[in-house]
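With these hints in hand, go ahead and build the complete structure from the sequences.
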Amino acid sequence: MKIKLFGLLAIGLLSAQMSMAKELTLKPSYNYMDGKLLLGNDDTGIDYGIDWSVSRDISPSFNMLFGVESMVTEGNSHSYVNSISLNTLRGGMGAHKSIAPKTDIYGNATLSYSYLLLDTDYKIGRTKGEWGYGTELGIRHKLNSKVEFNAKIEYKKLAEDLDDTIFEDVDGLMFSMGGRAYLTNALSVGANYQHNTDVGLMGLNLRYDTF
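Take the sequence shown: its position 31, counting from 1, is numbered 27 in our numbering, and each next residue is one higher.
These aren't lab readings, by the way, just hints derived from the structure by calculation.
C-beta: ideal position from N, C-alpha, C; glycine also.
Take the hints with a grain of salt, since some may be wrong.
To be verified - Listed below are the simulated DSS-like cross-link pairs for lysine-lysine, each with C-alpha atoms no more than 30 Å apart in a straight line:
| # | residue 1 | residue 2 |
| --- | --- | --- |
| 1 | LYS98 | LYS23 |
| 2 | LYS124 | LYS23 |
| 3 | LYS32 | LYS152 |
| 4 | LYS142 | LYS98 |
| 5 | LYS124 | LYS32 |
| 6 | LYS93 | LYS23 |
| 7 | LYS23 | LYS142 |
| 8 | LYS152 | LYS98 |
| 9 | LYS98 | LYS148 |
| 10 | LYS152 | LYS124 |
| 11 | LYS32 | LYS98 |
| 12 | LYS153 | LYS124 |
| 13 | LYS32 | LYS148 |
| 14 | LYS93 | LYS32 |
| 15 | LYS148 | LYS93 |
| 16 | LYS23 | LYS148 |
| 17 | LYS93 | LYS153 |
| 18 | LYS142 | LYS93 |
| 19 | LYS93 | LYS152 |
| 20 | LYS32 | LYS142 |
| 21 | LYS153 | LYS32 |
Claimed, not checked - Ranges between beta-carbon positions, derived for each pair:
| # | residue 1 | residue 2 | range |
| --- | --- | --- | --- |
| 22 | GLY196 | ILE101 | 22 to 30 Å |
| 23 | ASN181 | TYR151 | 31 to 39 Å |
| 24 | GLY125 | SER94 | 34 to 42 Å |
Here it is, written out as structure tokens:
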């Protein structure tokens, strides 16, 4: 009788754990590490970019954010310039709220520190760093445990020095939409396209949810 009772209890606990795990995979996670490759085109003047970011929940509704980004253009009108890169460190806070069982809305606010790095035939130099900021509002929807769709609108002002460079159009209002496919409960690959009136960038990323 006792063995049968313990058996039923074990089955009940296992079923509850499986139910909780399934529910967790149907909710967007805000505990993750994310690496992204940005691809530009001839119209943007930006050849590629690399972005690394981390998000961590500090409560059921708020998360901390940290990121590093580098956007690069190869060559220049001056033949001695090999490349110019815009490098940005950012950190801030995010808030998120469930509006449906598999859908969240979220907002982020970040402070940033940016500088330009010039690689020439003579030396590598950098501009004085400047403080900036960014805000974004978005929506995330998990179609099922394997597929997620997302869209956001963001505004950022990185540095005044960008006004006279090829990166000046990176600032301002930008729209983005994309999706991701989960290879496991934690590992996913994603793609998105972000655009404003002057710049269009394709992003490919790899994300690991740390739960």
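Status of each hint after checking the structure:
1. LYS98 to LYS23: Distance ~6 Å between LYS98 and LYS23 Cα, so the pair holds.
2. LYS124 to LYS23: 42 Å, violated
3. LYS32 to LYS152: 18 Å, holds
4. LYS142 to LYS98: 12 Å, holds
5. LYS124 to LYS32: Holds, at about 26 Å.
6. LYS93 to LYS23: Holds, because 11 Å separates the two Cα atoms, which is no more than 30 Å.
7. LYS23 to LYS142: 11 Å, holds
8. LYS152 to LYS98: Since the Cα atoms of LYS152 and LYS98 sit roughly 28 Å apart, the hinted pair holds (cutoff 30 Å).
9. LYS98 to LYS148: With Cα atoms ~17 Å apart, LYS98 and LYS148 stay inside 30 Å; holds.
10. LYS152 to LYS124: 19 Å, holds
11. LYS32 to LYS98: 24 Å, holds
12. LYS153 to LYS124: 16 Å, holds
13. LYS32 to LYS148: 16 Å, holds
14. LYS93 to LYS32: Distance of about 25 Å is within 30 Å: holds.
15. LYS148 to LYS93: The given pair, whose Cα atoms are some 15 Å apart, holds under the 30 Å limit.
16. LYS23 to LYS148: Measuring from Cα to Cα gives roughly 18 Å; hence the hint holds.
17. LYS93 to LYS153: At roughly 26 Å apart (the allowed maximum being 30 Å), LYS153 and LYS93 satisfy the hint.
18. LYS142 to LYS93: 21 Å, holds
19. LYS93 to LYS152: The given pair, whose Cα atoms are some 23 Å apart, holds under the 30 Å limit.
20. LYS32 to LYS142: Holds, at about 19 Å.
21. LYS153 to LYS32: Holds. LYS153 to LYS32 sits at ~21 Å (cutoff 30 Å).
22. GLY196 to ILE101: 22 to 30 Å: 25 Å, holds
23. ASN181 to TYR151: 31 to 39 Å: Holds: the Cβ-Cβ distance is about 33 Å, inside 31 to 39 Å.
24. GLY125 to SER94: 34 to 42 Å: For SER94 against GLY125, whose Cβ atoms are near 38 Å apart, the range 34 to 42 Å holds.
Hint 2 from the earlier list is the only one contradicted by this structure; the remaining hints agree with it.
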